[in-house]
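A.B. asks: Here is how the chains run, residue by residue.
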Amino acid sequence: MIVAVASGKGGTGKTTVTASLASLWEGPLIGVDLDVEEPNLHLFLHPILTGEETAHLTIPVVDEATCTYCGACSELCQFKAISVMGRLILTFPEMCHGCGGCLAVCPEKAITPGQRELGEITWGTAGRQGFLMGRLRLGEAMSPPLMRLVKARLEQMLAQTGGDAIIDAPPGVSCPAINAVIDSDVIVLVTEPTPFGFYDFQLAWEAFAPLNKPLGAVINRAGLGTGAIYEFCREKHLPILAEIPYDRAIAEAYARGRIIAQISPELQGTFVSLMAAIRGLAQEAAHA
Amino acid sequence: MREIIIISGKGGTGKTSLAGAFAHLAQEKIICDLDVDAPDLHLLLQPTREREEEFRAGHEARINPEKCDGCGLCASLCQFGAIREDGAGFVINPWRCEGCKVCVAFCPAEAILFPEKHCGNWYISSTRFGPLVHAQLFPGEENSGKLVMLLKQQARELAKARGARLVLCDGAPGIGCPVISSLSGANLAVAVTEPTPSGRHDLERVAGLCQHFQIPLAVIINKHDLNPEEESAIESFCHHAGYPVLARLPHDIQVTQAMIQGLVVTELPETEFTRELQRAWSRIEALAERSR
Numbered sequence: 001m002i003v004a005v006a007s008g009k010g011g012t013g014k015t016t017v018t019a020s021l022a023s024l025w026e027g028p029l030i031g032v033d034l035d036v037e038e039p040n041l042h043l044f045l046h047p048i049l050t051g052e053e054t055a056h057l058t059i060p061v062v063d064e065a066t067c068t069y070c071g072a073c074s075e076l077c078q079f080k081a082i083s084v085m086g087r088l089i090l091t092f093p094e095m096c097h098g099c100g101g102c103l104a105v106c107p108e109k110a111i112t113p114g115q116r117e118l119g120e121i122t123w124g125t126a127g128r129q130g131f132l133m134g135r136l137r138l139g140e141a142m143s144p145p146l147m148r149l150v151k152a153r154l155e156q157m158l159a160q161t162g163g164d165a166i167i168d169a170p171p172g173v174s175c176p177a178i179n180a181v182i183d184s185d186v187i188v189l190v191t192e193p194t195p196f197g198f199y200d201f202q203l204a205w206e207a208f209a210p211l212n213k214p215l216g217a218v219i220n221r222a223g224l225g226t227g228a229i230y231e232f233c234r235e236k237h238l239p240i241l242a243e244i245p246y247d248r249a250i251a252e253a254y255a256r257g258r259i260i261a262q263i264s265p266e267l268q269g270t271f272v273s274l275m276a277a278i279r280g281l282a283q284e285a286a287h288a
Numbered sequence: 001m002r003e004i005i006i007i008s009g010k011g012g013t014g015k016t017s018l019a020g021a022f023a024h025l026a027q028e029k030i031i032c033d034l035d036v037d038a039p040d041l042h043l044l045l046q047p048t049r050e051r052e053e054e055f056r057a058g059h060e061a062r063i064n065p066e067k068c069d070g071c072g073l074c075a076s077l078c079q080f081g082a083i084r085e086d087g088a089g090f091v092i093n094p095w096r097c098e099g100c101k102v103c104v105a106f107c108p109a110e111a112i113l114f115p116e117k118h119c120g121n122w123y124i125s126s127t128r129f130g131p132l133v134h135a136q137l138f139p140g141e142e143n144s145g146k147l148v149m150l151l152k153q154q155a156r157e158l159a160k161a162r163g164a165r166l167v168l169c170d171g172a173p174g175i176g177c178p179v180i181s182s183l184s185g186a187n188l189a190v191a192v193t194e195p196t197p198s199g200r201h202d203l204e205r206v207a208g209l210c211q212h213f214q215i216p217l218a219v220i221i222n223k224h225d226l227n228p229e230e231e232s233a234i235e236s237f238c239h240h241a242g243y244p245v246l247a248r249l250p251h252d253i254q255v256t257q258a259m260i261q262g263l264v265v266t267e268l269p270e271t272e273f274t275r276e277l278q279r280a281w282s283r284i285e286a287l288a289e290r291s292r
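Heads up: the sequence lines are chains Z and U, in that order.
Position 112 of the first sequence, counted from 1, bears residue number 112 in our numbering, the numbering being contiguous throughout.
Position 159 of the second sequence, counted from 1, bears residue number 159 in our numbering, the numbering being contiguous throughout.
No lab work stands behind these hints: they were computed from the structure.
Where a beta carbon is used, it is the ideal one built from N, C-alpha and C, also for glycine.
Treat the hints with care, since some could be wrong.
So these bits of chain Z aren't anywhere near chain U, every CB distance computed over 10 Å [to be verified]:
#, residue
1, V61
2, E64
3, L88
4, E117
5, A222
6, L224
7, E231
Cβ pair distances, simulated, as ranges [to be verified]:
#, chain 1, residue 1, chain 2, residue 2, range
8, Z, R248, U, I260, 11 to 21 Å
9, U, E50, Z, A152, 42 to 52 Å
10, Z, C70, U, P65, 42 to 52 Å
11, U, N121, Z, N212, 18 to 28 Å
12, U, T48, Z, T68, 48 to 58 Å
13, U, K160, Z, T112, 16 to 26 Å
14, Z, F232, U, R283, 32 to 42 Å
15, U, E50, Z, E235, 28 to 38 Å
16, U, E54, Z, S264, 47 to 57 Å
Sequences and hints are given; from them, build the entire structure.
C.D. replies: Here it is as structure tokens:
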């Protein structure tokens, strides 16, 4: 089972929930940080890293001696990454999405694959569990290509070890967030009952519900804000899997880098029930 | 004209709440919400829409099953794993399609359509603090960087037309395409951080991004009393890198109380918190004035 922890609004507690679940998960688990722009899971799980690779995207390199400036490549490219003007051909590597269209379409085979560095992928162990993360290179605009490579490695790791994976997703509801949850079996939406939290939660529901995956909510900072989010969950038949109370002691523990499931027996109980609720949601969907 | 962008790296540090307060404190400005993915500033400013436009960008490939002869070339060419054969034939998963047109160009049966996408809407609105340029990308859509550029362009033109001397922007979390687009041409970036391991880590990343694009950066430490050790680590990072720390704001429920009422925190009765924000705003204006 792959569980994706997503949110809509940032800072609602995705990493807190992911780290807490990872700390008490029953059976083998890989904790995966797919928030490649701002990965934070390692700050809480303190993994021992055993492997690292630099991730690349395939981009075009033009051999000007062979190029006839026919323009087939620039005509096909949807991202303005390759351009022919008279007897001049230019590539804009940072615009390239790596679709390989120019390489395939060139009648002279004048384009060969080059590389753009996307960032790093690192992996290792955190306690008895596996750990995997992507980290986007500063200045790199596109996170989905790196996320796809991290997910490919996750597939390999899961094939070796078996067990489950829990994904810490990026905030938002656009392409990076969709990319993080699309290969999961269950999506857990972490939110807070403030007006910002509620508004972004509705966006997240609109974005993720069409994926037809089991979906549940975790309400963090419960007691803060209004009741609108509870009403929305009732209306959409969206199960509330756990509530974490609004409590300054929790905020301070988080600020010190603690995993909050480990700070009190009550919170530990909350996350043990959350794990059971997630498993229940996945089983329900499997039998449906 | 000056352009100021509020960013954070990490989400949930208080960017939008502070951007709302600055929109209240600033004079002669255009306000612009560049978090087009999960925008929240309108919840504080309650805008009245005066102009509404569609945002169209990119295309989406779709197989016409009547023309498709099932050769599967498209699926083998697609670098994004977007094309799969299900029971009835080849289909394109719209969430995985990158809009690259490769399948369209190579399909021997010319069976793949390539319609333009309507990815969201953008608006020019009036608010109690002045004009607001904002947008909503449809959930699950892409091209947020392009929409950010479009909003900035609109905000600049509006500022020129109305003689405003400032464009004040609320940014998105992260360091990816919408943030990179929102930094371009800015005179000053203000990063709102918090003294937590994630807050500090993400501040360092977003500071690296500003350095990469040579945008001057100043910092506000929100919820500064949550962890004194992390706070001093952030102070020392800023000191060594030469980023002015403009304000240290306590972890305070009044920000949420204002949000629930649809107000910004500086509209509530004056407290030490709001006075610190006013001092921060004066320093931001001075810094933006000095830059370039």
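A.B. asks: Could you check the structure against the hints above and give me the numbers of any it violates, in ascending order?
C.D. replies: Those not satisfied are hints 6, 10, 13.
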